[in-house]
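S.K.: Starting from the structure of chain A, add chain B where the hints point.
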Amino acid sequence: MLSRTADNLFWMSRYVERAESIARILHAASRMAAVPIAEGSETNEWQSALAAANCEHIFAETGLEATDENVFEFLAFSEKNPSSIRNCFKMARTNARAVRTALTTDTWEAINSAWLELHRYRTDDVSPSGLNRFIAWVKESSLRVDGSAYRTMLRHDAYWFSRLGVYLERADNTARILDVKYHVLLPATEPVGGGLDFFQWSTILRSVSALTAYHWVYRDSLKPWLIADLLILREEMPRSLASCYANLTMFLDELARDYGRQGESQRHARRLYAQLRNARTDDIFQNGLHEFLTEFIGENNRLGALIADQYLI
Amino acid sequence: MGTQFFDEMHGADEGGCRLPYRVLEQWLADVPDDLIEQRRQEAELLFRRIGITFAVYGESLAEERIIPFDVVPRIITGDEWERLSFGLKQRVRAINAFLADIYGKQEILRAGLMPPELIFANPAFRPEMMGQKIRGDIYVPIAGIDIVRVDSDTFYVLEDNARTPSGVSYMLEDREVMMMLFPELFSRYHVRPVDNYPDELLATLQSIAPESAPSEPTIALMTPGPFNSAYYEHSFLADKLGVELVEGNDLVVQDSLVYMRTTEGLQRVDVIYRRVDDDFLDPLTFRPDSTLGVAGLMSVYEAGNVSLANAVGTGIADDKAIYSYMPEILKFYLGEEPVLKNVPTWRCREPDALAYVLDHLPELVVKEVHGSGGYGMLVGPAADKQMLEEFAAKLKAEPENFIAQPTLALSTCPTWVDEGLAPRHVDLRPFVLSGTDEVRIVPGGLTRVALRDGSLVVNSSQGGGTKDTWVVNV
Chain A
27 MLSRTADNLF WMSRYVERAE SIARILHAAS RMAAVPIAEG SETNEWQSAL AAANCEHIFA
87 ETGLEATDEN VFEFLAFSEK NPSSIRNCFK MARTNARAVR TALTTDTWEA INSAWLELHR
147 YRTDDVSPSG LNRFIAWVKE SSLRVDGSAY RTMLRHDAYW FSRLGVYLER ADNTARILDV
207 KYHVLLPATE PVGGGLDFFQ WSTILRSVSA LTAYHWVYRD SLKPWLIADL LILREEMPRS
267 LASCYANLTM FLDELARDYG RQGESQRHAR RLYAQLRNAR TDDIFQNGLH EFLTEFIGEN
327 NRLGALIADQ YLI
Chain B
26 MGTQFFDEMH GADEGGCRLP YRVLEQWLAD VPDDLIEQRR QEAELLFRRI GITFAVYGES
86 LAEERIIPFD VVPRIITGDE WERLSFGLKQ RVRAINAFLA DIYGKQEILR AGLMPPELIF
146 ANPAFRPEMM GQKIRGDIYV PIAGIDIVRV DSDTFYVLED NARTPSGVSY MLEDREVMMM
206 LFPELFSRYH VRPVDNYPDE LLATLQSIAP ESAPSEPTIA LMTPGPFNSA YYEHSFLADK
266 LGVELVEGND LVVQDSLVYM RTTEGLQRVD VIYRRVDDDF LDPLTFRPDS TLGVAGLMSV
326 YEAGNVSLAN AVGTGIADDK AIYSYMPEIL KFYLGEEPVL KNVPTWRCRE PDALAYVLDH
386 LPELVVKEVH GSGGYGMLVG PAADKQMLEE FAAKLKAEPE NFIAQPTLAL STCPTWVDEG
446 LAPRHVDLRP FVLSGTDEVR IVPGGLTRVA LRDGSLVVNS SQGGGTKDTW VVNV
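So the sequences go chain by chain: A and B. The first sequence maps to residues 27 to 339 in the numbering used here. The second sequence maps to residues 26 to 499 in the numbering used here.
Don't read these hints as lab results, they were simulated from the structure. Even for Gly, the Cβ is constructed at its ideal location relative to N, Cα and C. Any given hint could be a false lead.
[Unchecked claim] What follows is a set of in silico ranges between Cβ atoms, one per label pair, in the way DEER data are often shown:
(1) A:Ala59 to B:Glu444: 51 to 59 Å
(2) A:His316 to B:Glu201: 52 to 60 Å
(3) B:Gln29 to A:Leu180: 31 to 39 Å
Just chain A, same shape as in the assembly (with noise of 0.2 Å):
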């Protein structure tokens, strides 16, 4: 296969997932703003969405105000922003055209009609039902791409590339998702596990899918501990970053074998990957989150770069 073509598949999917990931940021958002707080406890969940969303410098550069109404629509529409959900959808289209020949019929569909669609939503409809809509259709899209994959591409070098795009971009919106959440949501004056703490640790599981997911692993109430084991040791939780692992060095290995050679990229990802099996959440507590998520999210993304340099340039 090509290598440009590989470059293409690859980003294809991490635009796909970065959407759906934003998607489930601003919901997330929405579903705080939502709630209301002490006074003097100013928190700002739009502040904390632009976190989450790696857009916090890039919306300053715009000089406006972290409202609601310019946050969703830097985040979801804004053609200045690079990561704005219409230009993952841009993206996600521009790489896809450019391997047409490389995707089945509906996986170039839906995500052909994602762009054509997309046209449809127009900022002029802020309120929170008009995101609501929009939310779930961006994640609908995300589905149909996701979902036309698994069920329509062969299982070789190009279906694999494409899975590589969707973990390396969950792993690190994930990452992100808890690291916002643990530093930037919580105001000091609200207590560790106050009802407001609650609210937002039981927003984020909603914005991974992982609410109902936690009560069944956990059979407890929500603790910050248990959430991150969920979020960063849990194979069985699709969206942590055990699981992303899981997949990225099974598809790694796939491609070496199917190639006869293996390189730096699936050593990598073997490493990480045996890191967090063999991490426990208490070391990470004493070691400091933020820390760990820091470190995580830089070595992710030295995975991508060595995967470029082994196969896609």
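M.R.: Relative to chain A, chain B alone:
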């Protein structure tokens, strides 16, 4: 206006119906208009969903448009087709022989059949190709010959496309969509299939692989990239052929061979079906500012280690000035009378012809010799006084840049437009595949239709649409 044109359904007589169209006419009469309109909309939706779009240069708003598709098929009888395809093969044989001669011994110039400056002063002539060996002398493996019909017996060749003719994806997709939307019509006609085109193309490309290539040569389709107006077609064909769709950046030259960069390292490429113009192929030989090409590609080509389809320099054969010599070219190389006639053409470079053209400008169509896509032409009968005067001035300034032809009475076909069925002018582009083993043509081609009432310009860039073309046995 309608009566002066030959209508392919009704013939010369408006009340009648020609035999091959009778079933269709009956069917159209039986089916309610709503249904046809509904199917037309379905077709448009299908085209948009599949992503069959094209970009129009200079239209920033409509980044991608679909070419309008007309649901009424255009019908050609088996007998008409036999004659057409015989004439097409003959014409393409002559084009290949002409190119081999022009880049070889140049006997046609020695015989004094055409002025040498027509070749040597022509920007489409590539001196780099002099003496270059081309396998089997197949310079033009893929030709698109534009045909127009003027009455029940006469087909003219309007234009030869010997560089990178496009449109074949529409021939294939139009058929797919027609079969999906109107299965009942296909049960009433025996329409000859066209869907073996990709197989025939693949066989053709394999046949021209360099002798140094392995027995199963690696073929790649080279595109300028997603922003090219025909990108959809490039990706569509690569897919059907089962070959890689490469851009210049994907290819690299090493040790006199061309390779593509793959996830498993470099892989040799033997045949490149390139949809990139000569000028952009290799920045070391042609335009140095080209980012679409591959540095060193021409050196590999010269060493005979890669075949290009079509060969470099074929533009000299489809130049409109050369076109007017095609009857002579055909006789010179094949010793045969052309089966397909040229449209009578005045070469404005010749003083007598120029005088005639200037006198009769309102009746003529004047084209730029090197233009394509319907740009830069004058349609006399449709032009106002000022346009005529401006064009006359251009003509006098550079007569050698123009040819003129009578305004052709292009045939019409019933076409579904806003007001219902109405006659619209059509042309036909069949695709002729020449390999070192045989010449292949699938029965049919791309029918382009001028959707505007009275318009004779069928180019998609000028508001033309397409129709499915049926070759049927009646």
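S.K.: Run every hint past the structure and note whether it holds.
M.R.: Hints and how they fare:
Ala59 of chain A and Glu444 of chain B have their C-beta atoms about 55 Å apart, which keeps the hinted 51 to 59 Å range intact. Under the hint 52 to 60 Å, the C-beta atoms of His316 of chain A and Glu201 of chain B, about 56 Å apart, fit the expected range. Look at Gln29 of chain B against Leu180 of chain A: about 56 Å separates their beta carbons, and that is not inside 31 to 39 Å.
Hint 3 from the list above is the single one not met by this structure.
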